[in-house]
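Student: Sequence:
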Amino acid sequence: MNVGVIGYSGDIYKEPIKSLTPICLDIGKCIAKNNWVLLNGGRDGVMYLVSKAAKNNGGLVVGFLPWGEEGNEYLTLPIKTGLDFNMRSFIMLKNVDAVVSIGGEIGTAIEILGAYSYKKPVILFRKSSGWTDNITKVLIEEKYLDNRKLVELRQVYSVDEMEAVLKEIEQGVKKNW
423 MNVGVIGYSG
433 DIYKEPIKSL
443 TPICLDIGKC
453 IAKNNWVLLN
463 GGRDGVMYLV
473 SKAAKNNGGL
483 VVGFLPWGEE
493 GNEYLTLPIK
503 TGLDFNMRSF
513 IMLKNVDAVV
523 SIGGEIGTAI
533 EILGAYSYKK
543 PVILFRKSSG
553 WTDNITKVLI
563 EEKYLDNRKL
573 VELRQVYSVD
583 EMEAVLKEIE
593 QGVKKNW
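Residue numbering for the sequence shown follows the working numbering, beginning at 423 and increasing consecutively.
Derived by calculation from the structure, the hints in this document are not laboratory data.
Check each hint, because a few of them may be wrong.
[Unchecked claim] Label pairs and their in silico Cβ distance ranges: (1) K559 x G480: 37 to 45 angstroms; (2) Y579 x S539: 21 to 29 angstroms; (3) W489 x K516: 16 to 24 angstroms; (4) K436 x N569: 38 to 46 angstroms; (5) R570 x D433: 17 to 25 angstroms; (6) N517 x G480: 29 to 37 angstroms; (7) G490 x K589: 22 to 30 angstroms; (8) M509 x Q593: 30 to 38 angstroms; (9) Y435 x N569: 39 to 47 angstroms; (10) D506 x D568: 40 to 48 angstroms; (11) G594 x Y435: 33 to 41 angstroms; (12) N479 x D568: 18 to 26 angstroms.
Values in this document were obtained by computation on a predicted structure and should not be read as measured data.
Think of the CB as a built atom: it goes at the ideal place given N, C-alpha and C, for glycine as much as any other residue.
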């Protein structure tokens with residue numbers, strides 16, 4: 423199963439990313455442990471931390487890079503899209519079975535909306551701040567972004583909860599193979 427992780431970019435030694443480091447490392451480890459493939463934007467911040475943990479735990483890490491970016495050293499497969507930051511995200515989203523969102527600014531908000539429009543399940547890692555928490559204020563029935571109810575946005579508060587939701591999604595993916 424392909425799991426996309428989205429969230430803050432930037433310096434891992436500065437807030438708000440610094441305080442999310444343990445969660446990001448646990449998420450990357452969880453993805454590797456379950457033999458899922460990690461897909462992300464391949465750069466710094468949350469992407470760097472989950473990539474590092476997944477790679478260091480034997481996982482496969484694919485980074486979809488924007489124009490002119492080389493990506494972080496933990497990518498198994500860096501994909502240079504030649505596209506800008508937003509457009510490269512849509513390529514990543516087309517290749518995931520689920521998305522985990524951690525914090526994030528406007529790019530993360532665009533990715534959450536894109537995942538929803540592509541009917542990709544989204545897992546919101548609550549109390550990670552940014553758009554991951556802010557988007558919950560507009561959810562319909564606490565799980566949809568519009569009245570079409572394309573796919574659920576699930577809210578979790580721990581890596582264990584996230585893992586359980588991803589395993590549910592994986593069972594659905596396997597049924598469609």
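Student: Where does the structure disagree with the numbered hints, that is, which hint numbers, in rising order?
Tutor: 5, 6, 7, 10 and 12
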